[in-house]
Amino acid sequence: MIPLLILTPLILLAALGAVWKARPVHAALLLALTLALNAILYLVLGADFIGLIQFMVYVGAVAVLIVFSLLITRPGDEAEEIARRPRSLVTGLACSLPVLAVLLFMVSRFETAGSAATDARSVSIEQLGTTLFTTHAPAVMAVGVLLTAVMIGAALFAREPGKKTPTPSDS
Amino acid sequence: MVETLTPHLPNLLWWVPLLPLIAGGIIALLPDKHGRIASKLAIGALFVSCLIALAALACSLTPKEVEAFAPVTWFTFGDVALKVGLLLDPLSASMAAMVTFVALWIFIYSTGYMADEKRFGRFFGFLSMFCGAMLMVVLSNSLLLLFMAWELVGLASYLLIGFYFEKPSAAAAAQKAFITTRVGDMAFFLGMIWLYSQTGTLLFYDGGNGLLESGALASLAGATTVGGLSVSAAAGLLLLVGAMGKSGQVPLHTWLPDAMEGPTPVSALIHAATMVAAGVFMVARTHPIFANGGGLTVPLTACAWVGGITALYAALVAMAQTDFKRILAYSTVSQLGFMMVALGTGGVAAGMLHLICHAFFKALLFLSAGSVIHGCHGEQDIRKMGGLSKPMRRTFIAYAIGMMALSGFPFLFSGFWSKEGILHSAQTWAGGYGPFLLAASAALLTAFYMTRQALLVFFGEPRKPGVHHPHESPSVMLIPLYVLAAGAVLLSLIATPIWPWFEKWIEGESAVFDGGALSHGLGLIALSLGIVTVGVGASWMIYRKPSENSNAPDPLAGKLGPLWNFLERAMGFDALYEKAIIGPLAFFAGGVDMLERMLFVPLMGMAEGLIKGFGRLTGATDESGINRGFNSLCSGLKQRASSASRSQSGRPQAYLRSIGLGMSVLLILYFWLSAR
Amino acid sequence: MSLEHLPRLPQRLVEMLLQNFGAPEWLVLIAGFLVAASTVVGVFAGGFALLSLVERKTLARAQNRIGPNRAGWFGILQPVADGIKMLTKEDIVPAKAEKILHLLAPIMIVVPAILALGVIPYGREWIPVPLELGLLFFFAVGAMTEVSIFMAGWASGSKFPMLGAMRAISQMVSYELPLMICALGVVMVSGTLSLPDIVDRQGGFHLGFIPAWNLFTPWGLVAGLLFYVCSIAEANRCPFDLPEGESEIVAGHMTEYSGFKYALFFMGEYLGLFAISGLGITLFLGGWQAPLPGLDFVPTWIWFFAKLCTVIFSFLWIRATFPRVRIDQLMRFAWLCMIPMALLTLPAAAIWHFAGRGLLSWVVTVPLLLIPWVIITVIYNKRLAPTLRTYRFAE
Amino acid sequence: MTPLAMLLTLSSLMFTLGLLAVLTRRNAILVLVGIELMLNAANINFIGFWRYGPTDPALTGPMFVLFSIAIAAAEAAVGLAIILMVFRHTRSTDLNKLDSLHG
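Protein chains in written order, with our numbering: chain A, 1 to 171; chain B, 1 to 676; chain C, 1 to 395; chain D, 1 to 103.
Worth flagging that the hints you see were computed from the coordinates, not collected in a lab. All residues carry an ideal CB built from backbone N, CA and C; glycine is no exception. Among the hints, a few may not be true.
Taking lysine-lysine and the PhoX-like style, the derived pairs with C-alpha atoms no more than 20 angstroms apart in a straight line are [stated by the list, open to error]:
(1) A/LYS21 / C/LYS159
(2) C/LYS96 / A/LYS21
(3) B/LYS118 / B/LYS33
(4) B/LYS384 / B/LYS545
(5) C/LYS99 / C/LYS159
Part of the chain C face toward chain A, derived, beta carbon under 7 angstroms [claimed, not checked]:
(6) LEU133
(7) TRP154
(8) CYS309
(9) PHE313
(10) ILE379
Derived CB-CB ranges, DEER-like [claimed, not checked]:
(11) C/LYS99 / B/PHE671: 57 to 65 angstroms
(12) C/LEU77 / A/GLU126: 47 to 55 angstroms
(13) A/ARG121 / C/ALA31: 23 to 31 angstroms
Throw the hints in and build the complete structure from the sequences for me.
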């Protein structure tokens, strides 16, 4: 419970920063921080494997990817972003606050229904692997196909249109 | 060999339809530039399935029980399992062998005929699919599977007829074929559903539980429906309508002559082996339903009469046509009528014999027509040909064999014997002489118009010298011609009354050589001879000396006057449909259109549009008024629309926000309401 | 207490001391952990100091120079002198820099390296943190390095650091993939993600004298070689030291750093080198296992460090020998040669695992790996090899 | 407040923050950041229910998160590739400028 009490505000602060920071790179780095804290949260909750995977994939890959795209696209000045903020914030809050209200309402309802097993629980890698390749084997295959397709698709997208891959003699 | 093969047949037989279908699928994935590979693939697949079909034929030669392979449960809903399977009996074995054999030679011919075609590979893909679907029709042991394959045949025919889709006429012909057969298919579908609801099965043979076996037939005959018809008769009629659509019987025949807009090998395939044969085959396959109850059943009577009328009608129309392929197309309609007469009056055997013989010589005729057209650089008008027998001697010989087989030249040619068989069964039919007379006169006319065509195309002097330099076709196109010609001649061996092997085999008996059988039908043979002689002779008298001028009217045109024009326009069926069906439809559509405008315009607050709408009501023919009204309606709409479309900002987040707001409102509303 | 337990001595001492003074249990535990961690950090910080000297000496020998020889005997005090110089230098932060990130970046480069060092088993008795998911942990913290390099490059607010960071990230991402795939083969055969267990599985000897290390299997040989190449690239060392190629982009992401922060970068890099070499030794070279039978009397951690020294020395040798590659050659090499070969080791490892480790596996896996290897080599040499560059205006 | 309720609250807040980013950020890449936040908020729920809910031998919670991570990685790769392509065409990743579909 104590680690949760420490982690929760940290995660929320980092997430708020990721949403609020006007400078895109800051937002992306704060996202990485949020995700890393999330990974720690998973570790605390006993899902070691998931936590480490989360760290590897999100911090090591997704966040780096986002940062990298930011570097390539070089987003413009944040002054305009800040200037436009009040207006967009009104509509944004108008949409998201009711969602939050509904979610919190449901959470409170859920709690009155009440169910809490508090025994420590952890998942061993062996158990996870066995389940993954028996119960969820079709899903694993589907994800494999998906990832292959994504790899090919992303490579196709990212290729300069109408241009061959450069050969050394081109340069 | 037969003994060793038989146990493997259930597995092998699936490959007969599947191989061409798979080949078609693979070709569909090939880029167009690999046309040569596609053609080799298609021919190879069909060759293998031809071998299997011939092996199956060999296995089914010994008379035995019907062999049904229904091993596959397709799907299950509730506790009802829908099974599909294949069937091997003399009927399907002979059809499968014929289809694969004839189609194989048509494929080979196509490699020569379509050599310059840009979409060469695609063509073979379609052909393969066409053939595979037809084979599925032939071998299916389930009415449902048959129907599915039947629709696939329809689709493939649509694609092939519209193969030159840049040509508006081809595109129109393809649509026409598709829509016209759809009318028949609807009836077929209804009949199928009715049969299923009555018997609970769609398998033909299923160890006593099948649709065509005594139990189901008895229940079909027992139930009656409107007008005292038994269900089997009613369902049979519906199936007959389906077959009429597919096999081009009056009045659903109009698509068939137009279908020759496709490349010539396609016409050959449609007219000979696959498409139109499907209808006749379906009637033959479900013949027990038609004949259910014994005696002179309603569907059989209908079948005979429809066939007879079609035969005579098409023969009459064919007399007055000038397009090489169109004449052949109408002759196909006419011959299909013969088959229907045979099925209606005599039974499966006579009809199937004619179907198979016809497949050979009609494929032959179409392919030689293709060869002639190919040689004349695309010219199709027989009035502009003439004298081709010299430059295209080899094509001419092949054509002559096919033409003589079709006109029923005595003794040597299969067409004579099969037609004779039909006339025989029509003559002895208990339901009257009507179909017999119709068929006999159609036979006479057949001889007449085929002679006319032959004379105009191959004899006399070239009527447009200097324009064409007719040349002989390459041997890849000629060899199929001769193979089919040999078939057209040799088939007569198994079809004579002396040794009616084929008919007995289909009926499950063994044939005996009976020289005396000839004498029983001697009168009829004499009649056939007379018919052919009169037909050919009359044609010879009239067309012996064709006019030098290619634009001169036909010699008969003067004598027949307006009747000739009537025939030339195919008795106005197309025009009739134009007026009777399309006209009202267009009128109705116009009405709907008008209604919409009348409702729409006031809604948009366009007083001007309202006035124009009234103006359109009063002066419906005023073209300019309509146009202007429409334009102003459009511009008014555009103004309103552009102001309305300003809300469509094109920004994803704006949309997201609206969605979010809407969701929020809904949620709040929901909670508010549920809280109350 | 034998020599085997020597590295744990400080920890034991502190624990005993605290227990004597009646400290609570949790304090003893935490203090023990802290001391164990500082042992590792201390050892490798010393190793870093030593390596910086050895590297310079080795390079000097290779280049026919003498190398540092002023501070102390044969220059042995050179690292100390360097350290004092770095610590006393002015810490310059560029005006356009992001101050906080600029400060955080060097720290965040050292932290994951130390964390990674914590899970490696150095000896039979010397395993700082025996994690069940050690290998995964190693890669997970390794993933952080990229973010910190990016932070360094971006926070400097300058052109060369940015370019260097981009190069470094693309290089590390590209080579991380074959690195992990090679490690996966070991995981498949060992059936565990725990590094001590992986070392245990490599105990024993074939034919009485060939150690049963993963390197001495067909797939392990290929995977080990690929791992070796990848680890050079991951550690940003020559010939893959493009991110800091001083002839092109000054010093890459470290350009705008000076003083102690610069030293931290160096430290992070060398610690990373130790960590990745240690992982390679654990995965393929049998960890702390002795190379020959009958050498068990030597403490196991000595074997580990002997192997570590050998591997590190090979890195130095390579640095002295090979010229730097170009960035496009580097990337192409990763995606067209390394990844396909690395992927092939997976089926080979699977066959090895399931078909037993007898003759059959050899017959199947050797061609499975050898033939693609030859094909890729031939193709690479024919079509993709770096060609002579011609400069139009250079004559 | 039970730990589970706390996790659920955390995930609700994080989801809302992600939604806010999606709705208000102008840079397409930062919209993607918001989407990642929302995905992670959902993942927290899965882990929370697995940890504090009834025992589940199929490990649905962690499994779902595992697949969700895999799919998130795929989504990020494709999403960023698309954004880069858009950027190559329009030299901008500003969503407000990408309104060529406007009425």
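#### Entry: Hints that the structure is at odds with (numbers, increasing)
1, 8, 9, 10 and 11
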